[in-house]
Structure formats: structure tokens, C-alpha cells
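Engineer: Chains G and C, in that order, are what the protein sequence lines are. Note that the numbering used here gives residue 48 to position 2 of the first sequence, counting from 1, and the numbers run on in steps of one. Note that the numbering used here gives residue 92 to position 80 of the second sequence, counting from 1, and the numbers run on in steps of one.
It is possible that part of the hints are untrue.
Claimed, not checked - Simulated restraints, written as ranges between beta carbons of each label pair:
1. G:Thr132 to C:Thr24: 36 to 42 Å
2. G:Lys60 to C:Gly73: 45 to 51 Å
3. G:Ala48 to C:Phe30: 33 to 39 Å
4. C:Asp66 to G:Glu76: 27 to 33 Å
5. G:Glu76 to C:Thr38: 46 to 52 Å
6. G:Asp84 to C:Asp14: 18 to 24 Å
7. G:Phe56 to C:Pro22: 23 to 29 Å
8. G:Gly109 to C:Phe30: 42 to 48 Å
9. C:Ser95 to G:Thr61: 28 to 34 Å
10. G:Lys60 to C:Phe30: 47 to 53 Å
11. C:Glu20 to G:Ser64: 35 to 41 Å
12. C:Gly90 to G:Asn47: 32 to 38 Å
Just so you know, these hints were derived from the structure itself, not from any lab. Predicted model, so just to flag it, every value in this text is computed and none were measured. Note that the Cβ used here is the ideal one computed from N, Cα and C, for glycine as well.
Each chain is listed here by its residues.
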Amino acid sequence: NAGVTQTPKFQVLKTGQSMTLQCAQDMNHEYMSWYRQDPGMGLRLIHYSVGAGITDQGEVPNGYNVSRSTTEDFPLRLLSAAPSQTSVYFCATLPGEGVYEQYFGPGTRLTVT
Amino acid sequence: GDSVTQMEGPVTLSEEAFLTINCTYTATGYPSLFWYVQYPGEGLQLLLKATKADDKGSNKGFEATYRKETTSFHLEKGSVQVSDSAVYFCALRGGGFKTIFGAGTRLFVKA
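Whole structure, please, built from the sequences with the hints as guidance.
Structural biologist: Next up, the structure:
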């Protein structure tokens, strides 16, 4: 049982390049989400999904796309990278509403030059 | 909307000192409250939680009590260790799936 996995662990992009951050889970959790973590700002929600085929925007969705074709995978796409997207990105899952805790992946550290 | 405010860090303590990290929240209804911990280079992991007023969550010597009257969920530990050095996040979920996180408080513990 691997839990939540993220790849890559580190990535450096040039401005304007595109890439996909991968997130996979083997816990059969319906809810998956992407956060970015910036110094002094805590975690901000980018996009989330409540099940396969269903996605929605979070607090800071601009410049990012997501899709959810299976329960297990929830990739995050950067369409045209900008220096403002330099951050640490975390994928998280949740087994259900209300009282359950979230399960986080180890993170992807992205630098855009 | 819902929000979480926690004390700014960093907090620097000597080993065996008493720790308090303040957390207050704004929410409608009766949210569930959480403390997560993030060790260097890792993702967040649940430290403790409380799901209703007056509940006390506890784990690894850490405690927090859900105080509805003061809308607070302060994290405490009686005697910190160097291994407790990490970033601590207070969070709430009011129902549904969305979790609101505080900004995080970095703790340094000196030997």
C-alpha cells in the first residue's frame, strides 16, 4: 500500500514550458486535490476532484489544468510555466466528507526560471 | 467564509520546554478541527483531530481541545524534543470535502 505518490520530486522549467505533475493513490479515495505551498502562505487549493470525471477549481486555479479519468490518478498540468508558479506542490486525498483527515503525497518542488 | 488563524513563527524553544501554538478559527456550524505536522522535505501528516466541542485530540504527547466558546484549538506539549522541530498547521473542515489551512508555524527545538 503506497498511499499517495507524486512524481517528479524536483523539477526545473524555463518560462513558457509546459509539464505535468503526476499524482496517484491506491486507497480508493474519492476526493483528490492539489495544493501549492509558499512561504508564509500555508497551503492554497488549486483544483480538486470529488470523483472520476468531476473536477472543480480551488482558490488559485489560474495557469493550471486537471483531469480525473480514473479514481487512482489526478495529474496537474502547467500550461505555460511562469516564475510565479515556483512552489512546492502537494497532492492530497480524502476518504470522505467531514471528520476524516487528508493524506498527503511527499510533494514536488518546482522551480521556474 | 471559513478561515484559520495561527500564531506566526518561528517559535524557538529549548528541549523539555512547554509548547503552545495558538489557533483560532471562523466557521459556520460545527467544523472538524485538525493539526497537521510537516517534517523537513516531507508532506503533511495528521497529528491529531477533534470533531466536536470539548473534544480533546491527542497524539505523541501533543494535545488540543476544541473550544467552541473561544473558537480555538491551541496545540500544546508539555516537554518538547529536538525531533519535534517541524512546521505545524491548524486546519478545519466545515463539512463536505474542502479543508481550510492556517499559514503554518515553524518550531525549532534546541538541544
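Engineer: Hints first: check each against the structure and report whether it holds.
Structural biologist: Structure-based check of each hint:
The given range of 36 to 42 Å is broken by threonine 132 of chain G and threonine 24 of chain C, whose C-beta atoms sit roughly 28 Å from each other. Distance hint check: the CB atoms of lysine 60 of chain G and glycine 73 of chain C are about 46 Å apart, consistent with the given range 45 to 51 Å. Here the CB-CB span from alanine 48 of chain G to phenylalanine 30 of chain C is close to 38 Å, well matched to the stated 33 to 39 Å. Between aspartate 66 of chain C and glutamate 76 of chain G the Cβ separation comes to about 31 Å, which falls inside the hinted range of 27 to 33 Å.
For glutamate 76 of chain G and threonine 38 of chain C, the hinted distance range of 46 to 52 Å is not satisfied, since their beta carbons lie about 27 Å from each other. Between aspartate 84 of chain G and aspartate 14 of chain C the beta carbons are some 20 Å apart, a value that agrees with the proposed interval 18 to 24 Å. Take phenylalanine 56 of chain G and proline 22 of chain C: their Cβ atoms lie about 25 Å apart, and the range 23 to 29 Å holds. For glycine 109 of chain G and phenylalanine 30 of chain C, the hinted distance range of 42 to 48 Å is satisfied, since their beta carbons lie about 44 Å from each other.
Distance hint check for serine 95 of chain C and threonine 61 of chain G: the Cβ-Cβ separation is about 40 Å, which falls outside the suggested range of 28 to 34 Å. Distance hint for lysine 60 of chain G and phenylalanine 30 of chain C: a CB-CB separation of about 49 Å, consistent with the stated range 47 to 53 Å. Hint check: glutamate 20 of chain C to serine 64 of chain G, Cβ distance near 36 Å, so the stated range 35 to 41 Å holds. In this structure the supplied range 32 to 38 Å holds for glycine 90 of chain C paired with asparagine 47 of chain G, their Cβ-Cβ distance being about 34 Å.
Checked against the numbered hints above, the structure breaks hints 1, 5 and 9 and satisfies the rest.
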